[in-house]
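Residue numbers (the working numbering), protein chains in the order written: chain A, 1 to 310; chain B, 311 to 738.
To be clear, the hints were calculated from the coordinates, so they are not data collected in a lab.
Check each hint, because a few of them may be wrong.
Simulated coverage check for chain B against chain A, where a stretch passes if three residues somewhere in it have a Cβ under 8 Å from a Cβ of chain A [as the list claims (entries may be wrong)]:
(1) 502–511
(2) 638–645
(3) 669–676
(4) 717–727
All residues carry an ideal CB built from backbone N, CA and C; glycine is no exception.
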Amino acid sequence: MKEYTVSPSPHIRAGTTTSRIMLHVIIATVPAMIASAVFFGRRALMLIAFCALSAMLWERLIRFVMKRPDSTDDLSAMVTGILLAFNLPATLPVWMAAIGTFVAIVVVKQMFGGLGQNFANPAIVGRIVLMLSFTSHMTHWVLPDNVDAVTSATPLVTEDKFSYLDLFLGHCGGCLGETSKLALLIGAGYLAAMRVITLHAPLAFVGTVYLFSAAVGQDPIYQMLSGGLILGAFFMATDYVTTPVTNKGRVVFGIGCGIITCVIRFWCNAPEGVSYSILLMNIVTPYIDMFTRKKAVGGIYQKDKKEASE
Amino acid sequence: MRLNGIRLPHHKNTENCETVDIKCPERVIISMSQHIGAPAEPTVKVGDEVKVGTKIGDADLRMTCPIHSSVSGRVDKLGEMLLPNGKVCRTVEIVSDGKMEPDEGLSPPVITDRASLAAAVRASGCCGMGGAGFPTHVKLDYDEEKVHIDTLIINAAECEPYITSDYRELMENHERVIGGMKLVREILGIERVVIGIEENKPKAIALFRDKLSGESGFEVMKLRSSYPQGAEKVIAYYATGRIVEEGRIISDYGMIVLNASTTGLIWDYSRTGMPFVSRRVTVDGDAVGKPCNLRAPIGTQISRLLEAAETDTENMKRLIAGGPMMGISLYDPGLPLLKTNNAFLAFKSEAKKEMQTNCIKCGRCIAACPLGLMPAEFERAYDRRDREALNRLKINLCMNCGSCSYVCPAKRPLAEKNQLAKGFAISR
Ligand code: SF4
Ligand code: SF4
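Can you build the whole structure from these sequences, using the hints too?
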């Protein structure tokens, strides 16, 4: 008798896989890559490529050392590398970038068990560590078009204001991937259209910054378009692993990020609060998840029971 | 409120295939366990002559219904069979004389009230024909003093891909289905009858709207094509807006849900007295040369059905009883047709080995679950054997619809683990 393979149901699966999702994210970063090349030249592209490759190399190495199967084919390390590069100034020496990817992949991601297990966004922590270790290099902003000549401050610290249009297109100082809001939004639109991300967290994040800035008398549009807000909101605050799983939780996450960003920007004497706000909210994500847990349809909960009996 | 669900490819390749009777098999193997509930015991001995409709198995248990011979002939063997769930059950094997003579003792039942309806339904051997196979008489066995059933819901959603056997019942035998609806309504004094049909079956919707137009108390409910609209709690919710709370059953809320083919069967039995001895089954899948709907005696070996549908058994790698979402994969095409089998799907490909990664916490499973459960958390809680968390997360409500597994990009075996977790949560 010929016997057939038995497997548990369901016998069909959707086509979406982890690596395909990562591929979508990579595609979504392409417009911003192009923008970085336009504004900061070949060096920006080189740094992005270097970060992507070194992140994958670290991942392969550490998995080998830890005697675990290689996991670079899920492409998540590449995404981390690219996003970290977006958070670096185009002039950063590559060996520093390599430290950044090491921290992101080895310390933040793999030490906690690999994909899905890390509590903090690897790229964000990579950036923060570099920021603290090499502050001057990390704030060595160059103005687009004059990469070699002028050192400039980012829109958040400089006295002379940029026009909204310059900010939107990316004609301003800053990290290589964060300056062109237009390019980032094109990518984000792609992710939303492909249903890779939901817009709950990013809209809550940006909206909160807008309202908060307006409330304390800052220019809300300027705040929205400056620094790494758009990059952080659409590409970091939407990272599945380190943000809440329900849409309700994602809104809470976004609002929290927005408030912390504004507090840091306006009162902490630090120009850029986006990274720290996301990191802090990453840390409280398990608690947000706990409080925004869905109620089962038809579920009876202890609390309801008590209320009912009262 | 809208319950969640998922979009699936429909693959309703056989929707226009008229039901074809298969040639009478020489032998049928009738399982004494046709549906959930306790198995029946054979009531015949080897050598007994039986006719179509002769009772061959029964048990005096609430969740059991009688089993009848599906052919005329002689009992050849009382055997045993391994069920897909690993349990062994008894079988009655009958060699057919090819005449298909009906039992002379059969006569239409007298149905006057709820009790006689329930008794007749039990005597017909009727169980849910859409999958799980809940014995139908149990649904009619409620306390009239305490509950009043005000809504009868006819489930014709047929939300699983491929399967069209209920659809063919609607199209070919609408008068049977409508007859059954009217009978149950009248006997139980039900105010409202709703037949729920998914929007991917516009012809059936139009047909029933037409046939029921002018009748008050009957409604045709068009359901969104989303899986699992045909789950009992889901269709009941859409028909009435009532949510069945854990630990309670649908009739507590004044509702009865019957599958469309089951409704037709009840009508048939009430007219002719011929019990549940044959059924329509969809045969499809990429290994099937001629996808079709077949009517076959209960107990016909699946291999016969596959043959009738010109299946490439040489290259067939997988055989599924039921739909691709909740169906059970079978190891042996020699197994017999059960009352609950609405489809057999034969595929040339092995189950795909897809790249499994850690859960990436994307939340897709949570957004997919029709009951608002959190499958990703079930998995984590089960992996650390946290009984309390599983209960808090309401693992008991999971109906194993498979939506969570379907959508998971990390290809976690969520539905499978849910089953294990469910067992674990109630153990000890
Ligand atoms: S199998 Fe259970 S947990 Fe998964 S979607 Fe269905 S009901 Fe929800
Ligand atoms: S769908 Fe899969 S990867 Fe996404 S949260 Fe659920 S279990 Fe995790």
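Hints and how they fare:
1. Given as covered by chain A, the region 502–511 of chain B fails the check, having 0 residues with a CB less than 8 Å from a CB of that chain where 3 are the minimum.
2. Counting residues of the region 638–645 of chain B whose C-beta lies closer than 8 Å to any C-beta of chain A gives 7; at least three are required, and the coverage claim holds.
3. With a threshold of 8 Å between beta carbons, the proposed coverage of the region 669–676 of chain B by chain A holds, since 7 of its residues qualify and at least three are required.
4. For the region 717–727 of chain B, the proposed coverage by chain A is satisfied: 8 residues have a C-beta within less than 8 Å of a C-beta in that chain, meeting the threshold of three.
Checked against the numbered hints given earlier, this structure breaks only hint 1.
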